[in-house]
Amino acid sequence: MSGVINQRQSPAFGVLMVILIIMAIGPIMMMIATSLKLDVDIMSSTSGLLFLPTLQNYETVLCNALWYEPAHLDYCDPTFGRALKSSLIIALVSTIITLMLGTMAAYALVRFRFMGRGVISMTTLLMRMVPPAVLLVPVFGILTFDFCINDNCLAGTYSGIVLIYVAMNLPFVIWILQSFIVQVPIQLEEAARMDGANPFQVFYLVVLPLIKPGLAAASIFTFRIAWNEYLLANALLDRNTRTVPVTIVNSLTGYDTDWGVIMATGTLLAIPPIIFTFVASKQIITGMTAGAVKG
Amino acid sequence: MSTQARSFTPYLFMAPAAAVLVVALLYPIAYMIYASFLDWNPSQRIGQATFVGLRNYTSLWSDANFRESFGVTLKFASLVVSIEMILGVGLAMLLDRSIRGMTVLRTIFILPMMIAPIVVGLIWRYMYHPTVGIFNRTLNSLGFESVPWLSDSFWSLTSIIIADIWQWTPFIFILSLAALQSLPRSALEAARIDGASGWQQIVYIKLPLMMPVLIVTLLLRLIDAFKVLEVVLVMTNGGPGLSTEILSLRIARTASEFRELGVAAAMSNYLLILLMILTAIMFTYTRLSEARAARLRQMSEEG
Numbered sequence: 000m001s002g003v004i005n006q007r008q009s010p011a012f013g014v015l016m017v018i019l020i021i022m023a024i025g026p027i028m029m030m031i032a033t034s035l036k037l038d039v040d041i042m043s044s045t046s047g048l049l050f051l052p053t054l055q056n057y058e059t060v061l062c063n064a065l066w067y068e069p070a071h072l073d074y075c076d077p078t079f080g081r082a083l084k085s086s087l088i089i090a091l092v093s094t095i096i097t098l099m100l101g102t103m104a105a106y107a108l109v110r111f112r113f114m115g116r117g118v119i120s121m122t123t124l125l126m127r128m129v130p131p132a133v134l135l136v137p138v139f140g141i142l143t144f145d146f147c148i149n150d151n152c153l154a155g156t157y158s159g160i161v162l163i164y165v166a167m168n169l170p171f172v173i174w175i176l177q178s179f180i181v182q183v184p185i186q187l188e189e190a191a192r193m194d195g196a197n198p199f200q201v202f203y204l205v206v207l208p209l210i211k212p213g214l215a216a217a218s219i220f221t222f223r224i225a226w227n228e229y230l231l232a233n234a235l236l237d238r239n240t241r242t243v244p245v246t247i248v249n250s251l252t253g254y255d256t257d258w259g260v261i262m263a264t265g266t267l268l269a270i271p272p273i274i275f276t277f278v279a280s281k282q283i284i285t286g287m288t289a290g291a292v293k294g
Numbered sequence: 000m001s002t003q004a005r006s007f008t009p010y011l012f013m014a015p016a017a018a019v020l021v022v023a024l025l026y027p028i029a030y031m032i033y034a035s036f037l038d039w040n041p042s043q044r045i046g047q048a049t050f051v052g053l054r055n056y057t058s059l060w061s062d063a064n065f066r067e068s069f070g071v072t073l074k075f076a077s078l079v080v081s082i083e084m085i086l087g088v089g090l091a092m093l094l095d096r097s098i099r100g101m102t103v104l105r106t107i108f109i110l111p112m113m114i115a116p117i118v119v120g121l122i123w124r125y126m127y128h129p130t131v132g133i134f135n136r137t138l139n140s141l142g143f144e145s146v147p148w149l150s151d152s153f154w155s156l157t158s159i160i161i162a163d164i165w166q167w168t169p170f171i172f173i174l175s176l177a178a179l180q181s182l183p184r185s186a187l188e189a190a191r192i193d194g195a196s197g198w199q200q201i202v203y204i205k206l207p208l209m210m211p212v213l214i215v216t217l218l219l220r221l222i223d224a225f226k227v228l229e230v231v232l233v234m235t236n237g238g239p240g241l242s243t244e245i246l247s248l249r250i251a252r253t254a255s256e257f258r259e260l261g262v263a264a265a266m267s268n269y270l271l272i273l274l275m276i277l278t279a280i281m282f283t284y285t286r287l288s289e290a291r292a293a294r295l296r297q298m299s300e301e302g
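If you read the sequences in order, they're chains Y and Z. Numbers 0 to 294, taken from numbering that gives the first Met the number 0, label the letters of the first sequence in order. Numbers 0 to 302, taken from numbering that gives the first Met the number 0, label the letters of the second sequence in order.
Where hints are given, some of them may not hold.
[Unchecked claim] To spell it out: a stretch of chain Y is covered by chain Z in this simulated footprint if at least three of its residues, at any positions, have a beta carbon under 8 Å from a beta carbon of chain Z; those stretches are:
#1 129-140
#2 209-215
#3 272-286
[As the list claims (entries may be wrong)] Derived CB-CB ranges, DEER-like:
#4 Tyr203(Y) <-> Val103(Z): 34 to 40 Å
#5 Gly100(Z) <-> Pro208(Y): 30 to 36 Å
#6 Lys281(Y) <-> Leu73(Z): 32 to 38 Å
#7 Gly100(Z) <-> Pro184(Y): 44 to 50 Å
#8 Leu53(Z) <-> Val17(Y): 38 to 44 Å
#9 Ala293(Z) <-> Ile270(Y): 44 to 50 Å
#10 Ile21(Y) <-> Thr283(Z): 25 to 31 Å
#11 Ile274(Y) <-> Gly100(Z): 49 to 55 Å
#12 Ser81(Z) <-> Ile18(Y): 50 to 56 Å
#13 Thr57(Z) <-> Asn63(Y): 47 to 53 Å
#14 Ile274(Y) <-> Leu73(Z): 55 to 61 Å
#15 Ile18(Y) <-> Ser150(Z): 37 to 43 Å
#16 Ala293(Z) <-> Thr252(Y): 52 to 58 Å
#17 Thr57(Z) <-> Pro184(Y): 57 to 63 Å
Hints listed in this document are in silico derivations from the structure and should not be mistaken for laboratory results. Source: prediction; values computed, not measured. Cβ coordinates follow ideal geometry from the N, Cα and C atoms, glycine included.
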């Protein structure tokens, strides 16, 4: 099998590619298909692909966010709708804050040469190493007993969990943004400074617009972590502030599982990451490979 | 702008990020190390907990459950990482050519890593379901017996390993493909002209040249394999028995179900030390291979 012969497309590789694609995407498709099925269709042993798609499960999940009352429901369980709102708030706010702090820190590290890149990649890697399970005990203790003002503690609030997510994501965001900021030509910044811009204006008006791809990659990674995280959210949030992953796990421990509804929730949780993947796969792959290929 | 003001600027830019990291990352880790010396339950303030010295650490080693969970973790991590490395690198070798649709394949391959681990667990739990799951349905329709995917201690470990392979093989595939495609064309060209067969090219040229990236990939994956929690939590919740109770799951359960925060903190410390050793190995390795590459470059320039 020398390379010369294989330069033309062989049908065997086409087949292999198709198999790989089906294996990768099949389980996800199955979740989406199940979310569109009625209980009867899920349980019946005959139909696999032949069924009448229905949005009924989604109506059940989102019942308190809809403008009409779904006909099939006697009682509307607000848990999922509320959790979706919490998830959105927590993920968006922590992404915004992480990016604001991260870009500034990355800029300072690159342009003012303070601490080497080595220190930053070291910290990034060390942070990558810390499992959320390890943070569970201390974060619970701190937010329940330490960070309190007049008995109002951060446990159970959005602010508490956002603080933790920001801290968890900052090292990676700083590290990935650095590689983008290094590429901004310093002459541009000098020209702006000549025209009388102060460091903050240089940063906001000159540097930030030039590193948009980096900002996109960093925000996708941050959003994804905050959106998908379960363990800390479960320990720190209460009934009213719970996120979607927590409600999914809670509904699984119940006695009988309504697969259609759970799969609809799962699909809703999976949609934002799926959209990001198709919109920005190049940036995501850059972010993923950067760690290993460049050390 | 005065020089004095300029010298403050970097601190102004750094301060918010540094403050958050100190308050919400360094402080918790220090707190955890302190907590691991305490007998502490969640209803007490940390000040009310009694100091027990190293008892949490030593008692863990005589705790059969902890030892079993540690063993499961090691077995899980080593199996998934080695299978994924073989599959991922193999696929990269096979597909390292300009095939149409490669971009699509890569995009689709990152989907399992992007969606929530909870959802991955959910999907596999459904597929492994004894009656409605696709695996048992297919087996039954082909006339085979159902397999107790999640309810037998041997099969449940196998099942979580399969799910992890599905989720993470693409990571290794993407990294090794990137490494393959950045290999120096001249070396491959020379080997081909000298008549090296496909296998010889792989074994003597490609693999050795890719080795630095492969080792880092392996260690990154190994670190992540020790962190897996949600997928297993949703699929088996550690059971049946303790057959799939990996360490991070045990930490979470010790803290929330058994309400022994001190013990959970000690366990976390053990896990952290293990991961630190892995990271240290990775750093030393990258340093060494960089130094070696620099020396070789210098030699070739001088010679």
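Going through the hints against the structure:
no.: 1; hint: 129-140; in the structure: holds (count 12)
no.: 2; hint: 209-215; in the structure: violated (count 0)
no.: 3; hint: 272-286; in the structure: holds (count 8)
no.: 4; hint: Tyr203(Y) <-> Val103(Z): 34 to 40 Å; in the structure: holds, 38 Å
no.: 5; hint: Gly100(Z) <-> Pro208(Y): 30 to 36 Å; in the structure: holds, 35 Å
no.: 6; hint: Lys281(Y) <-> Leu73(Z): 32 to 38 Å; in the structure: holds, 36 Å
no.: 7; hint: Gly100(Z) <-> Pro184(Y): 44 to 50 Å; in the structure: violated, 37 Å
no.: 8; hint: Leu53(Z) <-> Val17(Y): 38 to 44 Å; in the structure: violated, 57 Å
no.: 9; hint: Ala293(Z) <-> Ile270(Y): 44 to 50 Å; in the structure: holds, 47 Å
no.: 10; hint: Ile21(Y) <-> Thr283(Z): 25 to 31 Å; in the structure: violated, 41 Å
no.: 11; hint: Ile274(Y) <-> Gly100(Z): 49 to 55 Å; in the structure: violated, 21 Å
no.: 12; hint: Ser81(Z) <-> Ile18(Y): 50 to 56 Å; in the structure: violated, 22 Å
no.: 13; hint: Thr57(Z) <-> Asn63(Y): 47 to 53 Å; in the structure: holds, 52 Å
no.: 14; hint: Ile274(Y) <-> Leu73(Z): 55 to 61 Å; in the structure: violated, 38 Å
no.: 15; hint: Ile18(Y) <-> Ser150(Z): 37 to 43 Å; in the structure: violated, 30 Å
no.: 16; hint: Ala293(Z) <-> Thr252(Y): 52 to 58 Å; in the structure: holds, 56 Å
no.: 17; hint: Thr57(Z) <-> Pro184(Y): 57 to 63 Å; in the structure: holds, 59 Å
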